[in-house]
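Residue numbers (UniProt numbering), protein chains in the order written: chain A, 1 to 533; chain B, 1 to 612.
Fair warning: there could be bad hints in the mix.
Under the rule of at most 27 Å between Cα atoms (straight-line distance), these lysine-lysine pairs were calculated in the DSSO-like manner [claimed, not checked]:
1) B:Lys611 with A:Lys97
2) A:Lys327 with A:Lys230
3) A:Lys97 with B:Lys465
Label-pair ranges, simulated between beta-carbon atoms [said to hold, decoys possible]:
4) A:Lys489 with B:Lys611: 52 to 58 Å
5) A:Gly242 with B:Cys97: 22 to 28 Å
6) A:His493 with B:Asp170: 46 to 52 Å
7) A:Glu137 with B:Tyr146: 21 to 27 Å
8) A:Pro78 with B:Asp170: 35 to 41 Å
9) B:Asp170 with A:Gly242: 46 to 52 Å
10) B:Arg171 with A:Lys243: 45 to 51 Å
11) B:Lys465 with A:His98: 29 to 35 Å
12) A:Thr307 with B:Arg453: 24 to 30 Å
13) A:Glu137 with B:Lys611: 38 to 44 Å
14) B:Lys611 with A:Pro317: 26 to 32 Å
15) A:Arg88 with B:Asp346: 47 to 53 Å
16) B:Lys612 with A:Leu391: 53 to 59 Å
FYI, nobody ran anything at the bench for these hints, they're computed from the structure. Even glycine gets a Cβ: it sits at the ideal position worked out from N, Cα and C.
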Amino acid sequence: MASNITSSIASSVRPSLRQAAQPPSPHTPSRFASSNLSSPGSGFRQEDDAVIIELGSRYLRAGFEGEHSPQCILTFGPEDSRRAGDYRGWAPGHRRKHFDIEEWGQQHELWRMDLRDVDLGLVEDKIERAFREVYNEYLLTDAGSARLMLVVPSILPHPLLSTVLTTLFNRWKYASITLLPSPTMAAMGAGVRSALGVDIGWSETTVTAVYEYRELRINRSTRSMRSLLKELARTVIAHRQGKGDDVPRIEFELAEELMARMVWCKHSGETTDGRANPLNGAEAQVDSTPSDNTDEREIEIEIDWPTGVSSQVVTLPLALFSQPVEKVFLASDTASNYLDDNEHSLPMLVYETLQALPPDARALCMSRITFVGGGSKIPGLAPRTMFEVDLLVKKYGWSTIRGKRVDDRRDKLREIAQGRAGKPDARFQEPLPPGEDYIEEKLRKQQAKEALPVVQGQLRRVESLGAWTGASLLASMKVKGFVDIEREKFLQHGLAGARNNVDISVIPQRTSSGAGFTKAGDERKSWTLAGWA
Amino acid sequence: MGLTFPYTYISCPCSDGSKEIEESRLRPAPLFHKKALAEEPEEDDEEKEEAPFDAHHPRASFSLFPPEHLLYCEECRDLKCPRCSIEEQVSHFCTSCLFETPASAVRSEGNRCARNCFNCPICFSQLSVNNINGAGKEGPWILNCYYCMWTSLDIGIRFDRPTNIRAQLDRIANGGKPKAPSKPTETPDLARRSSYLNHESYPQLSATTNNPPPTQQDDSPKETPLDPAARFTALKAFYKNQLTTTTAANPTHPSISSDFSYSSPASLNRILNLYSTSGSFQPKRKPKPQLMREALYPSEGLLIPSPDAATSTQTKLLSSPTGGFINTTTLSQRHFQTGPAGGNPDARFVDELRPMPAPLTTKRAKRCKECRHILVKPEAKPTSTRHRIKLVALSYIPHVSLRPLLGTSAAGGGASTSSAPSALLYGGDVILEPARPTQWILKLTNPLFDAVRVSIATPAVTPGKYGHRVTILCPQFEIGANSDVWEEALGSKSSDAGGSAGKISGSGNGGVAEAGKVYEKGRNWTSVAVEVVPVSITQPIVEAADKEEIQVREVDEDEDVLEIPIRVRLDWRQGDLDDGANKKARLNEDGVEDGVRELAYWMVLGVGRVKK
Ligand SMILES: [Zn+2]
Ligand SMILES: [Zn+2]
Ligand SMILES: [Zn+2]
Ligand SMILES: [Zn+2]
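Please take these sequences and the hints and turn them into a complete structure.
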């Protein structure tokens, strides 16, 4: 390889190349020519506004603080993993390799929580490429110049977190990177301080109890948009086969369109005001038992089903599109006794998370339930979940007798967050440490003297603008972030450095404030991983 | 559709044995296989250890670039790819109207064109502003798409003037009604607030509250819920308001100072622990610190979803018997609506979409990531395509081409009969017969003014799933300097390979494919023969599906593509070294400037597809 001494020698390249170094021709300079000359791009833009990027297994949202919406949402897909200059995937008529439904997903994801399936080098490559695209095509600002705030799931395996940070610090000159946990940010984006955040995501569904901006508890389920997508594909194929259609195959992209556009969730029997739900008539038609209800309610939709080079119009009953939701999220076909803890239906997951909370936290959280993530967009799913949770509460109350295997779940969480040192579930210890917590005292005092009504104890849904927007709100207030990771320290010590700091100096915040905010005094000396430790 | 054979990709040296991420052990397969190269130049030992490049590894897609995408840093004397160069925005402009937006205005305009450039929400092509009557100076005006025939009338929007469309659009909601103000009052007034108290979902007087706020039994009309943008503004105002009341009222509280800066240690406590005195809600201000409260009213950004909202979406979904699918928005249409500039990413139905102001694009300069040397510097003017600096790699590294050796040739070290793939002649895909040796002519053309010594090495068997056998008959040779044509004429060297111009596109029947010998040679180019024996691509796993039909698993998209990884090493001595003042700067580690330049990289040659 070339030696690394510096040299300004002229090489023997074509003379035309060297013209470049000559002063520019006397064109009328554009408005910003003078600053361009000295150093292109630097210094003439307001770089104060932080860039906020939310990373999930399937999506990336990027934008600026103080704005209500990200500038872009990118999805990870096979076309993003092609070589530079290879645009075949976008060419009309291009057909990609067909994947069996059961193989779906991996190609469309940035990472998986189960690291056995993850090539971290590939994660690095994908992040680098995605960030470059985001800055160059959407943010239109120089990467590394403005502060970066990353919104990430509150449980992220260390190797993944480390890969993300290493990639970003090595690639660009970020002075520091702030980590923000998505459930707390979703609460921020709803205007509340305590919430039960239901995040129906691509690879998993999480329910997180946030109490005064601290994560008290998190439950997870494998029931997710990915499982919904697969179930939808199977359902549609089975239906077409049942009709005697010659169904060659369904591709991921078609299934995803169908999921985003047509999937809906039926109400349970009646609407809340007691009227019979008009929507359930459609459902009756596709029940597996042949119905003698000859109501004209069967609504069909027409879609263009791609077949090789062209497409074919296919008619499907709309009611078909509510079945996968029932099966995947509401587990209507399985008795809950037979389910693993991480396979609980959505209402059960919500119920169990609430049940495990201390009563005062539960009272606040149950009146602030937020739904975010892809599944929150399914029409009817959130109201239906609330309805079912209400039934569970009426049936079981908050008796803890049902909570049979709480400890098992802790162990599972520990497994998932593999690679974590120390006590990974420290923040799930339910009772907050007594005494010496000024906030707690204040809170209690406030509750006693609160003049304003506090809604609690009733099941209530609150709409969140989402984790990205919550982070944008937080950042626009120019406060110090949750977990600031400084460049030099990270590059020297990696995450290990952070972990040590947690153990040495900031135990109080780890126990009393899961979200990782610091107490005045010790914040500049060390950064910590807070919930990610 | 498909790849056009033959092609060349280069793996940027920055990913050679790339800086390993600490948990590298978790990687299932390394990009570089630990296999020795078959024909390694005799020189240094460490290079011999280098494992061949696997072009089919998933990571390879990220390190391979077409040669024209690569740059060259004269300081580092190395290739530079988009991953090891740093980009700096030079100017921002709109690709539709080519007007430049001053950098200071880019953000406030949402990174989009503030003029009259819009994209169709359905098909994303450019919209034009047209008079609704077809002609004339009187309005109204509409936006329409000549491609898919969408017009803004489809969403009930028309404009009074043909100018400043963006500002007009921001004030009109779909359907034509004026858009609800996105900036609600910052402090909610009591009367307005109380109207929500009757709604069961908003705060009620709980039994534990001794100090109820006044409840008014008025029937003020229900407000329409704020859209996300307006809610955001309301929430932001709410948080800010809570913070400022805190600061103003508690100058003495230990955790509160008037310093609002980002770096202030107390700030975080303030926002998250949120102390405040009683805000604007209690008539008498108590000096006691109090926790900052949550948003309680819609005017503060709180939104309790109404039970009807979901039902109405569903009803709409069901309403039109045949229209259910075509009236809903596609995923790409929703993504296209993203951004703070007035789109509606939540649009589920096409009549909820908004025309989108055209996104701005940038001109960018590039610097070397290692030494910050500038590599590309475009002229800032949007209409100019010129660069003040552009150090493209193709000015330094040889241009590579590959063509089949026509006819059969039994000459050469044990080479059996070879045949050219016939498909190539028709310009289609190149199809290679498995197990049948073919010979190819690899030609390297030198852009430099100095002669370059070249050594190319390839693994005898390509790494990865399919081991195709590859032999380069002459791995080391020289390519002549790219002296100007007239210079060559003056030098009157007897051209040993005939006129170079003719040879470049010639059919190449002048050479002999013989081991150790150059096939042909011209002024600044040399070609060598390569022999390739493809192995057959096995149709993997024949599985019986649940039906009785036998299904054959499809081969991965490019699994059948035969690509040859080639390790290229170049060295040359830089000519015309003058004794200028900066001679000192040119010295190498040993204090001697010998003008020697070296460059090494992996190149991938795409030959064709193996017949299945
Ligand atoms: Zn350099
Ligand atoms: Zn590179
Ligand atoms: Zn424009
Ligand atoms: Zn259009």
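Check your understanding: So the hint says 46 to 52 Å: do the beta-carbon atoms of His493 of chain A and Asp170 of chain B match that?
Key -> 49 Å, holds
Exercise for review: Would you mind confirming whether the straight-line C-alpha gap from Lys327 of chain A to Lys230 of chain A stays at or under 27 Å?
Suggested key: Holds. Lys327 of chain A to Lys230 of chain A sits at ~12 Å (cutoff 27 Å).
**Study point:** Outcome for the supplied range 35 to 41 Å, where the beta carbon pair is Pro78 of chain A and Asp170 of chain B
**Key:** 37 Å, holds
Review point. Is the gap between the beta carbons of Lys489 of chain A and Lys611 of chain B within 52 to 58 Å?
Key: Given range 52 to 58 Å: holds, Cβ gap about 57 Å.
Exercise for review: Indicate whether the distance between the beta carbons of Asp170 of chain B and Gly242 of chain A respects the range 46 to 52 Å.
Suggested key: Because 50 Å falls inside the window, the suggested range holds.
Review point. Are Lys612 of chain B and Leu391 of chain A spaced within 53 to 59 Å by their CB atoms?
Key: Holds, since Lys612 of chain B and Leu391 of chain A (Cβ atoms, about 57 Å apart) stay within the stated range.
Review point. Between Lys97 of chain A and Lys465 of chain B, is the straight-line Cα distance small enough, at 27 Å or below?
Key: Distance ~17 Å between Lys97 of chain A and Lys465 of chain B Cα, so the pair holds.
Check your understanding: In this structure, is the beta-carbon distance linking Gly242 of chain A and Cys97 of chain B contained in 22 to 28 Å?
Key -> Check failed, 54 Å falls outside 22 to 28 Å.
Exercise for review: Quickly compare the C-alpha distance for Lys611 of chain B and Lys97 of chain A to 27 Å and report which way the hint goes.
Suggested key: 17 Å, holds
Exercise for review: Starting from the range 29 to 35 Å, see whether the pair Lys465 of chain B and His98 of chain A falls in it by beta-carbon distance.
Suggested key: 19 Å, violated
Practice item. Starting from the range 24 to 30 Å, see whether the pair Thr307 of chain A and Arg453 of chain B falls in it by beta-carbon distance. Key: 56 Å, violated
Review point. Using the C-beta atoms of Glu137 of chain A and Lys611 of chain B, is the stated range 38 to 44 Å upheld?
Key: Holds: the Cβ-Cβ distance is about 40 Å, inside 38 to 44 Å.
The earlier numbered hints that this structure contradicts are 5, 11, 12, 14, 15.
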